[in-house]
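**Student:** Whenever a hint applies, use it, and build me the whole structure from the sequences.
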Amino acid sequence: MRVTDLSIERNFLHNIFKLEKRLARLQDQASSGRRILRPQDDPIGTGRAVYLRHDMAVNNQYQRNIDKAKNWMEQTESALAHLTNVITRARELALTGATGTTPPDAKKAIAVEIEQLWEEAISVLETTVDKRNLLTGAMPVWKVARDVTITSDDLTQLEDGDLKEYINVTFQQLKYALDPEDPSQEPDEDAIQQLVGDLDDCLDKILSQRAKNGARLRRLDILSEKALNMDIEYERLLSNVEEVDLVEVVVRLKSQEAAYQAALAVGARLIQPSLLDHLR
Amino acid sequence: MSSTFTTLEIGKSALIAARHAMDVTGHNIANAATPGYSLQRVALEPIIQRIPLGMGVSGMGVKVTDITRIRDRFVDAVLRSEKEKKAALAIQKEVFEHMQIVFAEPSDSSIRDSMDFFWAAWHDLSSEPDSASAKAQLLEAGRSLCDLLRHLGSQLDSLLVDIDSGIDAIVAQVNMLAQRISSLNIEISRALARKEPVGDLLDKRDLLLDELTELTGATVNYLDDGTVQVNLGGVRLVDGAKHYGLGYARTPEGVKFHVITGPEDNDRIQLDFIGGSLGGHKIAREDVVLRFRQQLSESVRKVIEGINTIYESSYETDSGIAFFDFDKDGDILTTIRVNDFLVQNPGEIKAGTGPLDGSIALAIADFIEGTYDGSLVDPSDGNFAEKWVAIVGSLGIDAQKVESAFDTQELLVKELENRKDSISGVSLDEEITNLIREQHAFNAASRVITVADEMLDTIINRMGLGGR
Chain A
1 MRVTDLSIER NFLHNIFKLE KRLARLQDQA SSGRRILRPQ DDPIGTGRAV
51 YLRHDMAVNN QYQRNIDKAK NWMEQTESAL AHLTNVITRA RELALTGATG
101 TTPPDAKKAI AVEIEQLWEE AISVLETTVD KRNLLTGAMP VWKVARDVTI
151 TSDDLTQLED GDLKEYINVT FQQLKYALDP EDPSQEPDED AIQQLVGDLD
201 DCLDKILSQR AKNGARLRRL DILSEKALNM DIEYERLLSN VEEVDLVEVV
251 VRLKSQEAAY QAALAVGARL IQPSLLDHLR
Chain B
1 MSSTFTTLEI GKSALIAARH AMDVTGHNIA NAATPGYSLQ RVALEPIIQR
51 IPLGMGVSGM GVKVTDITRI RDRFVDAVLR SEKEKKAALA IQKEVFEHMQ
101 IVFAEPSDSS IRDSMDFFWA AWHDLSSEPD SASAKAQLLE AGRSLCDLLR
151 HLGSQLDSLL VDIDSGIDAI VAQVNMLAQR ISSLNIEISR ALARKEPVGD
201 LLDKRDLLLD ELTELTGATV NYLDDGTVQV NLGGVRLVDG AKHYGLGYAR
251 TPEGVKFHVI TGPEDNDRIQ LDFIGGSLGG HKIAREDVVL RFRQQLSESV
301 RKVIEGINTI YESSYETDSG IAFFDFDKDG DILTTIRVND FLVQNPGEIK
351 AGTGPLDGSI ALAIADFIEG TYDGSLVDPS DGNFAEKWVA IVGSLGIDAQ
401 KVESAFDTQE LLVKELENRK DSISGVSLDE EITNLIREQH AFNAASRVIT
451 VADEMLDTII NRMGLGGR
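Sequence lines, in order, name chains A and B. Take the first sequence: its letters are residues 1 to 280, numbered as in our numbering. Take the second sequence: its letters are residues 1 to 468, numbered as in our numbering.
If you're looking for bench data, these hints aren't it; they were derived computationally from the structure. Do not rely on the hints blindly, as some may be mistaken.
[Unchecked claim] Straight-line alpha carbon distances no greater than 20 Å define the calculated SDA-like cross-link-like pairs of lysine to any residue that follow:
hint	chain 1	residue 1	chain 2	residue 2
1	B	Lys401	A	Arg2
2	B	Lys414	A	Lys164
3	A	Lys131	B	Gly347
4	A	Lys164	A	Arg132
5	A	Lys68	B	Ser133
6	B	Lys420	A	Lys164
7	A	Lys18	B	Thr408
A quick note: this is a predicted structure, and the numbers were derived from the prediction, not measured.
**Tutor:** Structural data, given as structure tokens:
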């Protein structure tokens, strides 16, 4: 086969361009830190990278939703804790009022405080957050994972009636038992005794609701932790798919560089001389 | 018996032949880098003279019978058909590269990213259905999604415009080439009739043929009278001195090419196949840009229509308004926007049927995410991320296929060009060797003349002087 000057030149350029293309790609990878710059660099990897980014966005939103739900449940818990304090205080006062040694005036004073506590209890029951009643009424729904939707429910609706109603009735009775509407009547100590029992009952009910709320909070905590772990896992996977191993790139860059230098040196030796150099 | 001056004549013929050969060598060296140049060689032949009186034949020197052009038509044909394929792949590769930039994956600024924001905004609204900030955030997410979709649509459209203007330019170029080839046909057949050397004209025509076949995938027939026919998918484009026009029409089914043989409509012969760069443009246009555009707008349309249907169900009456507006009979990518009423009145965005109900917002989010379980729309119309990944994935795979096919083709073309060069190319070392040989031949011929001269000198000046 005749080898002409043009074909030597063509082969030389072809190889140089090929090497330069590889060098440019390695340089792109090294400077961007990314292995996949276009879908064609790794179509399957691209699909995974895109999906992982999507999954991360989804997971972030679920985390936001979990935080919102947790915030709600925590506010619920603090409202219920406050209600517990109010009723415990009412019970203590009722116990004082139930003894005969407490003079009627003092009982009246207790009745006044009971009324205050009653109002406080009602206001706790009617606490609103974001225009929603925290313990009663329309509850928001949070989607906290792809297949988990969580909502609170109306915590005042119990199996045996309405908690709000029950508290209302108990406090009303307690107030009138301590300070009868008819001034001629004496406070009814037996009734007070019985109402203390009712308050205990109330506390039990609230406690069971707190337990329910607490269980939901714990569930959210678990979900939150899971979502956080998923986030780290997604980051790790994405970096595996998308990012370059710098050591590898640098090593490959070095070896390509050597090949490039060699190609240039050989090319220079091939192109330069001709028969003319050796003729007198 | 030959004449006394025969030796001089032989020497002269050798001098002329050597000069001629040196001219050709010089021409070769001068054109060593000329594109399309084929190596030329002088064809030498001994001059034979029959000597009268039955004394046989005697050599009378050398003559140049022809200047031959070294070229292999088979290699030409193979190279042309491979170059044509390379040209078709080159434009596809370029368009794929552009498409991948347009789709902007993998990155944090793609349509997918924007859709995820939009999806998240519905989530935020679902847990705070009457929050003004959640509504404003949703509106912004929706608008930026629309902006991005319209931007992508217009980028794809301008890519199409680029391809179309490429087709325009190539068709004009093809027509110009066809015309020049036919006029070279005339020149060559005339030169042949006058027995003039045609090597350089043939090179010129072959170069044009190379270009024409690379642009269109045409095939070339060499005829005995020195002219060529050019066929485009079985239809004649150049026939000796005649040439026809290449035209095309843009139809909804794609670009259709035809050869114009006369002024009437039925003088247009439709081409079933076109290759080369032009064919590559057609594939890039229809099989790359339009196909992916179609896939994307179908997926987007399904998702957007589904969102609209679910959103409208938040209104109790049938007069509900859609969340997105777009041209229902036209192209969704370039016409999509958030409903103008909602843009003006973000407070009117509904998340559900009541003021504290976020169920519709959640249903829309679930629909986009692919977990919708209602009956208003087909859940499989949603799940945008999956559809997007499928589109981007197949874009990547197709681009990779085209690129590797192009690389292979490039290598093949290079090898064939080397093969063609090994036949028709100029090797400077070889030409210089020839030159030296020719120089020696020239010197030797000069010596023959000198010797003959001395001989004649002896005969004329020194003979017959005996006894003086």
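**Student:** Hint by hint, say whether it matches the structure.
**Tutor:** Going through the hints against the structure:
Distance restraint check for Lys401/B and Arg2/A: the Cα-Cα separation of roughly 34 Å exceeds the 20 Å cut-off, and the hinted pair is therefore not satisfied. For the suggested pair Lys414/B and Lys164/A, the alpha carbons sit about 89 Å apart, so the restraint of at most 20 Å is broken. Simply put, Lys131/A and Gly347/B have alpha-carbon atoms about 16 Å apart, close enough for the 20 Å limit, and the pair holds. With a C-alpha separation of about 17 Å, the suggested pair Lys164/A and Arg132/A falls inside the 20 Å cut-off, and the hint holds.
With a CA separation close to 15 Å, the supplied pair Lys68/A and Ser133/B stays within the 20 Å bound. With a CA separation close to 98 Å, the supplied pair Lys420/B and Lys164/A exceeds the 20 Å bound. The suggested pairing of Lys18/A with Thr408/B holds, with an alpha-carbon distance near 12 Å, which does not exceed 20 Å.
Checked against the numbered hints above, the structure violates hints 1, 2, 6; every other hint is satisfied.
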